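Visitor: Whole structure, please, built from the sequences with the hints as guidance.
Quick mapping for you: the protein sequence lines, in order, are chains Y and H. Following this note's numbering, the numbering of the first sequence begins with 149 at its first residue and continues without gaps. Following this note's numbering, the numbering of the second sequence begins with -16 at its first residue and continues without gaps.
Please note that the accuracy of each hint is not assured.
As the list claims (entries may be wrong) - Interface residues of chain H toward chain Y, partial, derived using beta-carbon atoms under 10 Å:
{"id": "1", "residue": "I10"}
{"id": "2", "residue": "L15"}
{"id": "3", "residue": "I17"}
{"id": "4", "residue": "K22"}
{"id": "5", "residue": "R27"}
{"id": "6", "residue": "A37"}
{"id": "7", "residue": "T50"}
Unchecked claim - Pairs of lysine-lysine residues, derived as DSSO-like cross-links and limited to a Cα-Cα distance of at most 27 Å, are as follows:
{"id": "8", "chain 1": "Y", "residue 1": "K154", "chain 2": "Y", "residue 2": "K225"}
{"id": "9", "chain 1": "H", "residue 1": "K24", "chain 2": "Y", "residue 2": "K280"}
{"id": "10", "chain 1": "Y", "residue 1": "K233", "chain 2": "H", "residue 2": "K22"}
{"id": "11", "chain 1": "H", "residue 1": "K36", "chain 2": "H", "residue 2": "K19"}
{"id": "12", "chain 1": "H", "residue 1": "K49", "chain 2": "H", "residue 2": "K22"}
{"id": "13", "chain 1": "H", "residue 1": "K36", "chain 2": "H", "residue 2": "K22"}
{"id": "14", "chain 1": "H", "residue 1": "K19", "chain 2": "H", "residue 2": "K7"}
{"id": "15", "chain 1": "Y", "residue 1": "K233", "chain 2": "H", "residue 2": "K(-2)"}
{"id": "16", "chain 1": "H", "residue 1": "K7", "chain 2": "H", "residue 2": "K(-4)"}
Unchecked claim - Computed beta-carbon distance windows for the label pairs:
{"id": "17", "chain 1": "H", "residue 1": "K22", "chain 2": "Y", "residue 2": "Y258", "range": "35 to 43 Å"}
{"id": "18", "chain 1": "H", "residue 1": "T29", "chain 2": "Y", "residue 2": "I168", "range": "33 to 41 Å"}
{"id": "19", "chain 1": "Y", "residue 1": "I168", "chain 2": "H", "residue 2": "D(-9)", "range": "56 to 64 Å"}
{"id": "20", "chain 1": "Y", "residue 1": "G236", "chain 2": "H", "residue 2": "L46", "range": "32 to 40 Å"}
Since the hints were derived computationally from the structure, they do not count as laboratory data. These numbers come from a predicted model, not from an experiment. Positions of the beta carbon are idealized from the N, C-alpha and C atoms, including for glycine.
Each chain, written out:
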Amino acid sequence: MWNDCKSIVLSKMCVIVFLILLAGLAVTAPLLTDKLILISRSDFNGTKAYFLLTVYTGIVPAGFLLVSLYRLLERMKSGQVFIAKNVGSLRQISWCCFTGAVICLISAFYYFPWALVGVAAAFMGLIVRVVKNVFARAVSLQDDADYTI
Amino acid sequence: MSIIVNLDVMMAKRKISSGELAEKIGISQANLSILKTGKAKAIRFTTLAAICKALDCQPGDILEYKTDR
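Guide: The following block contains the structure:
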């Protein structure tokens, strides 16, 4: 029977898969960039270094995001949901999204489709930020409930 | 503005321990401690009624209003 616990386990497994993919990207970025330049119809002369710079600088906030997400899920699995640490994790996740968005928007100067990724990342950061605000309010309500005798 | 809980005073007058009072009113000693130390943010009427019954007193005997100056 499907339940919250199994849902959290599934989410954690997905985060681990993404972490593995991110590690794979870090290792294979030069190869993938060469393939992209080869198959693309656009003129990518002299942009390989820029692609690699975008990917490797983007990997840092992406890695922090996934680690924060994993820690958040660990705490939720142990029953700690509306706590200040989780609000902190959501704040970190939103800032990782915004950092990724800035990297992508800057990269749009040499390859425009990065702008679309940047906008998507910024939008996701905004959604996570609103969720963080909701969690912060919930922490306050939980506190009131815990201290109502 | 704050509400002071003078539970200690009334417990001393009635010569009742925290453990006994907690058992009589049906809350844990930890929650009773939260009440006594002024960390509680709210109290249910049912809890207040149970305390008053156990200590044979009025709400005003254990709750006091003080302005912050």
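Visitor: Honestly, which of those hints from before does the structure not fit?
Guide: When the structure is compared with the hints, numbers 6, 7, 15, 17 and 18 turn out to be violated.
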